[in-house]
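Engineer: Listed below, chain by chain, are the residues.
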Amino acid sequence: MSARRKMTGEPVKKVKKGTFLRLISYVLHYKVRLVFIFIGLMGSILVNVGSSLFLKIAIDDYITPMLLQDKNNVDFGPFKHAMFSFAGMLSIGVISTLVFRLLMVKLSNGILRDIREQMYEKMQKLPIKFFDTNNAGDIMSRYTNDLDTLRQVVSEAIPQTVRGVITFITIFISMLMLSINLFIVVLFMIVVMVLFAKWSGDRSLKSYRQTQASIGGLNGYVEEMVLGAKEVKVYCYEQRNIDAFKVKNTDWAKAVVKADTLSNIVFPFMNSLGNILYVLIAFAGGTMALKGVTNLTLLGPQTLTIGTITSFMTFTKTFSSLIGELSSQLPYLMQSLSGAERIFDLIDTEPEIDNGTYKLEKVGKNSWQWNDGENKVPLVGNIVLEDVNFSYVEDKPVLKHINVYADKGQKVALVGATGAGKTTITNLINRFYEINDGTITYDGINVVDIKKRDLRESLAIVLQDVNLFTGTIMENIRYGKLTATDEECIAAAKLVYADSFIEMLPDGYNTIIKGDSGGLSQGQKQLISIARAAVADPPCLILDEATSSIDTRTEKLVQKGMDSIMKGRTVFIIAHRLSTIRDADVIMVMRNGEIIERGTHESLLEKKGHYYELYTGIVEID
Amino acid sequence: MFSVFKNSIAKVKKESILSMIFILFETAFEIVVPFMMAKLIDLGIENSNMQNVYRFGFIIIGLVIGQALSGIFCAVFAVKAGTGFAYDLRERLFSRLQTFAFANIDKFSTGSLVTRSTTDIANVQRAFQMVIRGAIRSISMCFFSLYFAYRVNFEIARCLTFLVPVIIISFVIVSRLAMPIFEKMFGAFDALNNIMSENIHGIRVVKTFNREEYEFDKMKKSADDIYNYSVKAESYVAIWDPFMNITVYTILIIISWLGAKAIIASGNNPDLGLTTGKLMSLITYGLQMLMSLMFMSMIYVMLIISSASIKRVQEVLVEETLIRNPENPIYSVPNGEIEFKNVNFKYHENSKHRILKDINVKINSGETIGIIGGTGSGKSSIVNLIPRLYDATQGAVYVGGHNVKEYDLNTLRKSVGIVLQKNILFTGTIASNLRFGNENASIEDMKEACDIASALEFINEKPEGFDSKVEQGGTNFSGGQKQRLSIARTILKKPKIIIFDDSTSAVDTKTDAKIRNGLKNRLPDTTKIIISQRIISIKECDKIMVLDNGRIIAFDNHDNLLKNCELYREINEVQNS
Numbered sequence: 026m027s028a029r030r031k032m033t034g035e036p037v038k039k040v041k042k043g044t045f046l047r048l049i050s051y052v053l054h055y056k057v058r059l060v061f062i063f064i065g066l067m068g069s070i071l072v073n074v075g076s077s078l079f080l081k082i083a084i085d086d087y088i089t090p091m092l093l094q095d096k097n098n099v100d101f102g103p104f105k106h107a108m109f110s111f112a113g114m115l116s117i118g119v120i121s122t123l124v125f126r127l128l129m130v131k132l133s134n135g136i137l138r139d140i141r142e143q144m145y146e147k148m149q150k151l152p153i154k155f156f157d158t159n160n161a162g163d164i165m166s167r168y169t170n171d172l173d174t175l176r177q178v179v180s181e182a183i184p185q186t187v188r189g190v191i192t193f194i195t196i197f198i199s200m201l202m203l204s205i206n207l208f209i210v211v212l213f214m215i216v217v218m219v220l221f222a223k224w225s226g227d228r229s230l231k232s233y234r235q236t237q238a239s240i241g242g243l244n245g246y247v248e249e250m251v252l253g254a255k256e257v258k259v260y261c262y263e264q265r266n267i268d269a270f271k272v273k274n275t276d277w278a279k280a281v282v283k284a285d286t287l288s289n290i291v292f293p294f295m296n297s298l299g300n301i302l303y304v305l306i307a308f309a310g311g312t313m314a315l316k317g318v319t320n321l322t323l324l325g326p327q328t329l330t331i332g333t334i335t336s337f338m339t340f341t342k343t344f345s346s347l348i349g350e351l352s353s354q355l356p357y358l359m360q361s362l363s364g365a366e367r368i369f370d371l372i373d374t375e376p377e378i379d380n381g382t383y384k385l386e387k388v389g390k391n392s393w394q395w396n397d398g399e400n401k402v403p404l405v406g407n408i409v410l411e412d413v414n415f416s417y418v419e420d421k422p423v424l425k426h427i428n429v430y431a432d433k434g435q436k437v438a439l440v441g442a443t444g445a446g447k448t449t450i451t452n453l454i455n456r457f458y459e460i461n462d463g464t465i466t467y468d469g470i471n472v473v474d475i476k477k478r479d480l481r482e483s484l485a486i487v488l489q490d491v492n493l494f495t496g497t498i499m500e501n502i503r504y505g506k507l508t509a510t511d512e513e514c515i516a517a518a519k520l521v522y523a524d525s526f527i528e529m530l531p532d533g534y535n536t537i538i539k540g541d542s543g544g545l546s547q548g549q550k551q552l553i554s555i556a557r558a559a560v561a562d563p564p565c566l567i568l569d570e571a572t573s574s575i576d577t578r579t580e581k582l583v584q585k586g587m588d589s590i591m592k593g594r595t596v597f598i599i600a601h602r603l604s605t606i607r608d609a610d611v612i613m614v615m616r617n618g619e620i621i622e623r624g625t626h627e628s629l630l631e632k633k634g635h636y637y638e639l640y641t642g643i644v645e646i647d
Numbered sequence: 022m023f024s025v026f027k028n029s030i031a032k033v034k035k036e037s038i039l040s041m042i043f044i045l046f047e048t049a050f051e052i053v054v055p056f057m058m059a060k061l062i063d064l065g066i067e068n069s070n071m072q073n074v075y076r077f078g079f080i081i082i083g084l085v086i087g088q089a090l091s092g093i094f095c096a097v098f099a100v101k102a103g104t105g106f107a108y109d110l111r112e113r114l115f116s117r118l119q120t121f122a123f124a125n126i127d128k129f130s131t132g133s134l135v136t137r138s139t140t141d142i143a144n145v146q147r148a149f150q151m152v153i154r155g156a157i158r159s160i161s162m163c164f165f166s167l168y169f170a171y172r173v174n175f176e177i178a179r180c181l182t183f184l185v186p187v188i189i190i191s192f193v194i195v196s197r198l199a200m201p202i203f204e205k206m207f208g209a210f211d212a213l214n215n216i217m218s219e220n221i222h223g224i225r226v227v228k229t230f231n232r233e234e235y236e237f238d239k240m241k242k243s244a245d246d247i248y249n250y251s252v253k254a255e256s257y258v259a260i261w262d263p264f265m266n267i268t269v270y271t272i273l274i275i276i277s278w279l280g281a282k283a284i285i286a287s288g289n290n291p292d293l294g295l296t297t298g299k300l301m302s303l304i305t306y307g308l309q310m311l312m313s314l315m316f317m318s319m320i321y322v323m324l325i326i327s328s329a330s331i332k333r334v335q336e337v338l339v340e341e342t343l344i345r346n347p348e349n350p351i352y353s354v355p356n357g358e359i360e361f362k363n364v365n366f367k368y369h370e371n372s373k374h375r376i377l378k379d380i381n382v383k384i385n386s387g388e389t390i391g392i393i394g395g396t397g398s399g400k401s402s403i404v405n406l407i408p409r410l411y412d413a414t415q416g417a418v419y420v421g422g423h424n425v426k427e428y429d430l431n432t433l434r435k436s437v438g439i440v441l442q443k444n445i446l447f448t449g450t451i452a453s454n455l456r457f458g459n460e461n462a463s464i465e466d467m468k469e470a471c472d473i474a475s476a477l478e479f480i481n482e483k484p485e486g487f488d489s490k491v492e493q494g495g496t497n498f499s500g501g502q503k504q505r506l507s508i509a510r511t512i513l514k515k516p517k518i519i520i521f522d523d524s525t526s527a528v529d530t531k532t533d534a535k536i537r538n539g540l541k542n543r544l545p546d547t548t549k550i551i552i553s554q555r556i557i558s559i560k561e562c563d564k565i566m567v568l569d570n571g572r573i574i575a576f577d578n579h580d581n582l583l584k585n586c587e588l589y590r591e592i593n594e595v596q597n598s
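Line by line, the protein sequences give chains A and B. Once you know that position 159 of the first sequence is 184 in this note's numbering, the rest is easy, because the numbers rise by one and skip nothing. Once you know that position 168 of the second sequence is 189 in this note's numbering, the rest is easy, because the numbers rise by one and skip nothing.
Calculated from the structure, these hints are not laboratory results. None of these values were measured; they are calculated from a predicted model. Beta carbons: idealized from backbone N, C-alpha and C, even for Gly. Do not take every clue at face value.
Unchecked claim - Over 12 Å on every C-beta distance to chain B, these chain A residues come out as not near it, computed from the model: (1) K42; (2) F45; (3) I49; (4) S199; (5) F213; (6) A238; (7) S363; (8) I372; (9) P422; (10) D432; (11) E459; (12) V611; (13) E619.
To be verified - For lysine-lysine, the following DSSO-like pairs were computed, each having C-alpha atoms within a straight-line distance of at most 30 Å: (14) B:K253 - A:K131; (15) B:K241 - A:K539; (16) A:K271 - B:K128; (17) A:K316 - B:K60; (18) B:K239 - A:K519; (19) A:K147 - B:K242.
Whenever a hint applies, use it, and build me the whole structure from the sequences.
Structural biologist: See the structure below:
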């Protein structure tokens, strides 16, 4: 078995600075689109800010003068004209917003597609070691949860923040152009608001993480108990289960109440601070206007008019709500960037390397040839391991001085307890893992010099845990050789006695396999997986507990078909059930990474050594 | 639709009502504030009257404090209500799961039950919180704004009212158009996730057959689907934004135009009609109304999205257990005698295929019975009927002389121990797993049980003994160790009948024999049923049941079966040749 390291929940760490820049580099791929988005965004913001001044202008410049005219003969002409030009400006705003939003949708989805494709490509290039050392759920969550968080960051959080920041700057400049004096009042309030936002932000982020942890604990418990539901029934554990659940549920509820209350009171509080600022500006502005204090602006000293004060007040409202929004959003933005970081980590993982030069070509049914670019030699199928040492983790040797000689057409059996190193040997032959020292040769060629693709093409492995893919049974058998005809697939199924049960299914070979391959027993799935390997028609076969779930009687039947598949091929076979391997040409008995006995069934029984103990059931093979 | 949630909602009635009341206060304050701000501008700033500025300024500050306080109270109660609701719902769902019979669990599949009790329930909670806070807030906001608008100017307010259905209708149209595309998008995500998961688990197969590019093409195709659907679906959402802009701007223009006319007519005299200050507050009301409508539409979308989750949670809550306690149950099982009378069994009511056919058999108390047969012959099904993990479709099963349906379920299951084929250990320690079967078991009891199950040896080898950690699913134990712990766990229940469903398959023959001997000598009065694929494990049984295709084709001891039963002989030959 492979050395599986359990991934425990990794602690939330600080996001690297590079992550954000790297994300931006994906955005910069779309330069042209980005320019249009920026133009649209600016148009949209400027019109939006401008429209908040519209009423002021309408009242000051049009309605008030009109009031001075003769009541029965008011000239609405200039006002109508102003309204039309205003409507024109607004239409530009609407169009800009439309352009900005639609392009943004394309941009964000384009970026995601780029990242996604990189991730898929990566998945196919990662070495087996990556999958063995990382928990499947953890890898999966990078492809699902982390990508989804990234989607939210790219398509929602970033545009909103960019929009917010630009609006913020626009209003900031507008305010300074109106009055620097009044802005000092605003500045004072901003400090208070930012301090409050930071205080509450830190706290709510902390309790948000606590909530995540406690919901994780609660869900973990539920998951374990639902998956073990049958055990719960059998041992009458129901009531105790509910009691234990209640404790966890209560913990969760407490954490949520704490976190949510805090984050929910932030908004009304900030809103009130904004309203108070509004009033303060009225106080300060009024006093300044009355006392005739010099009003400093970016455009030089100017008198503080009533129009200026009201406009300034309008800006104050937008400004304060923006501060609240931005400061509460930033911590979450940072938090979600950690998802992006995990994605980039995956993309940066070292891929599998292939420096092989020898090609292996198929020239006919069960006939292959070597090709090193100059010479073409027919393949024989001799596999030799010489003095191979291997360890998954440094200093923990799994295989010690292994020597195996498998000649063409020979059936080599590996026997021993779990952890003895049987599967590891097969993982080395097809280079799922690289050996530490020693050599593995294939027809005298070091496997390192063979193109990995070709090497694997010539070695079909049938594993104990069958993995079928969503699709029909026919498609799953054809997975071994994509060009196989229906007849070839059916012939393979017949060979391994899978045909009879497949024909019994309502849709026969067109039965769709989905999810847990519901309906098929483990044994039936194993038969399909053997058929899949048979279709591939490789010169060398590795059967790793391939028939472990097939009952002894059916196995006997399957054996005949298996024999005909194995004929003429080099076969490595690992089996728990020793009856399966009795007729092997050579049986290697393994213990703790060493081959301790080798020989035929008869000679090993005669020897009365470890094999004898295993065969007679004196020692547990596990 | 929400009737099953009634009880959970009732639990948080007080909090919900309080939060709604505070929302009403909060929105009322929020509406009055702009009203006062208009006055502050009209009567204070415009007239350069500092006294009025201060007067209205302090009124506003008072209102703002009121608004903040009601906002905070509302948040406190709304969170309590939302969490309390979810707490109750989770508990209800979990408790409901505990009542499920095996058949109920099979119907949903454990994977789906996990999703329903984690992800789906979180969605339901979110929907509930949205409704109690957002819906009430936006509806009351909409009404308040309109009400104040009418108070200010009837004609303009009427124009605003006309906009409400326009916005609602256009929103419904947009969401109707967008929803199917969103569904397709979610479908594409599911398909892709399925491919990813199959690839992660089946990576060895992919690499063995060199199908990297083939799989990549599959993913790429799926990712292209996602891209296309996402762009389409999100474009609908994106159009919504400029559409809202248009409505906002229309409101601005309509109000300004009509407002200007009204102001001219009144001569900007508050007693005669509209003034410039009031015009500004009208605009605020118009925008607030719009905001609330927008918010309502968001809630609508949320509800649609979570309706699938709501449905899935509901299905579990209304699912009735297929096996329930009888009225006036029997609370003790007299002995370990078992009898099947004319039993037929199917997993599904409607399926044509009978798993067990015409089973008639009697097992005396204290006997040891072996069961053998091919895959799918009905070995597990027959024993599952004894502790009522499933109920017979026809006929009846008797334990200790009574129909199993007459017993209290706990009593029956405590008396009938079964070691399942797939053993699951739970996170905790060896001791906590052993106590799973009997919470009051003492250390001595555990030692005794583990000794019988031949588990004591390896437990003693561990430095922490019975306190050794067990990881989820028991992954840090070998198959044989897990089986032996499960056997010990069942023995600890001190049952009258003990069933081993192929539960020594990973144990070596010597240990297997030792366990059988231990059971024979130390639990002599217990009825033992052993299912095995190995003849060697059952040949010494008092009687052996040979099952083929759901029928008992022979029931006799080893020697007689060798003589009379062809199938048994065949199995024996295969295993001994």
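Engineer: Each hint should be assessed against the structure and marked as holding or not.
Structural biologist: Hint by hint, here is what the structure shows:
A cut-off of 12 Å between C-beta atoms confirms that K42 (chain A) is not in contact with chain B; the least separation is 29 Å. Its beta-carbon lying about 23 Å from the closest one in chain B, F45 (chain A) satisfies the requirement of being farther than 12 Å from that chain. With a closest Cβ-Cβ approach of about 21 Å to chain B, I49 (chain A) is found to remain outside the 12 Å limit, as its non-interface label requires. No Cβ of chain B comes within 12 Å of the Cβ of S199 (chain A); the nearest lies about 19 Å off, and the non-interface call holds.
The Cβ of F213 (chain A) sits about 16 Å from the closest Cβ of chain B, beyond the 12 Å cut-off, so the non-interface label holds. For A238 (chain A), the requirement that its beta carbon stay farther than 12 Å from each beta carbon of chain B is met, with the minimum near 15 Å. Once the 12 Å rule is applied to beta carbons, S363 (chain A) is consistent with being away from chain B; the minimum gap is 20 Å. Every C-beta of chain B lies more than 12 Å from that of I372 (chain A), the closest at about 15 Å, which supports listing it as non-interface.
The non-interface label for P422 (chain A) is consistent with chain B: the shortest C-beta to C-beta separation is roughly 21 Å, beyond 12 Å. The claim that D432 (chain A) is not at the interface with chain B holds, since no C-beta of that chain comes within 12 Å of its own (minimum 22 Å). A cut-off of 12 Å between C-beta atoms confirms that E459 (chain A) is not in contact with chain B; the least separation is 14 Å. With a minimum CB-CB distance of about 21 Å to chain B, V611 (chain A) clears the 12 Å threshold, and the non-interface call stands.
No beta-carbon of chain B comes within 12 Å of the beta-carbon of E619 (chain A); the shortest separation is about 20 Å. A hinted pair counts as satisfied when its Cα atoms are at most 30 Å apart, and K253 (chain B) with K131 (chain A) qualifies at roughly 9 Å. Proximity of K241 (chain B) to K539 (chain A) is assessed by CA-CA distance (about 20 Å); at most 30 Å being required, the pair is judged to hold. With a C-alpha separation of about 26 Å, the suggested pair K271 (chain A) and K128 (chain B) falls inside the 30 Å cut-off, and the hint holds.
Distance check on the hinted pair: K316 (chain A) and K60 (chain B) sit about 22 Å apart at the alpha-carbon level, within 30 Å; holds. This hinted pair checks out: K239 (chain B) and K519 (chain A) have alpha carbons roughly 29 Å apart, not beyond 30 Å. Annotation: proposed proximity of K147 (chain A) to K242 (chain B) holds, straight-line Cα distance about 16 Å (limit 30 Å).
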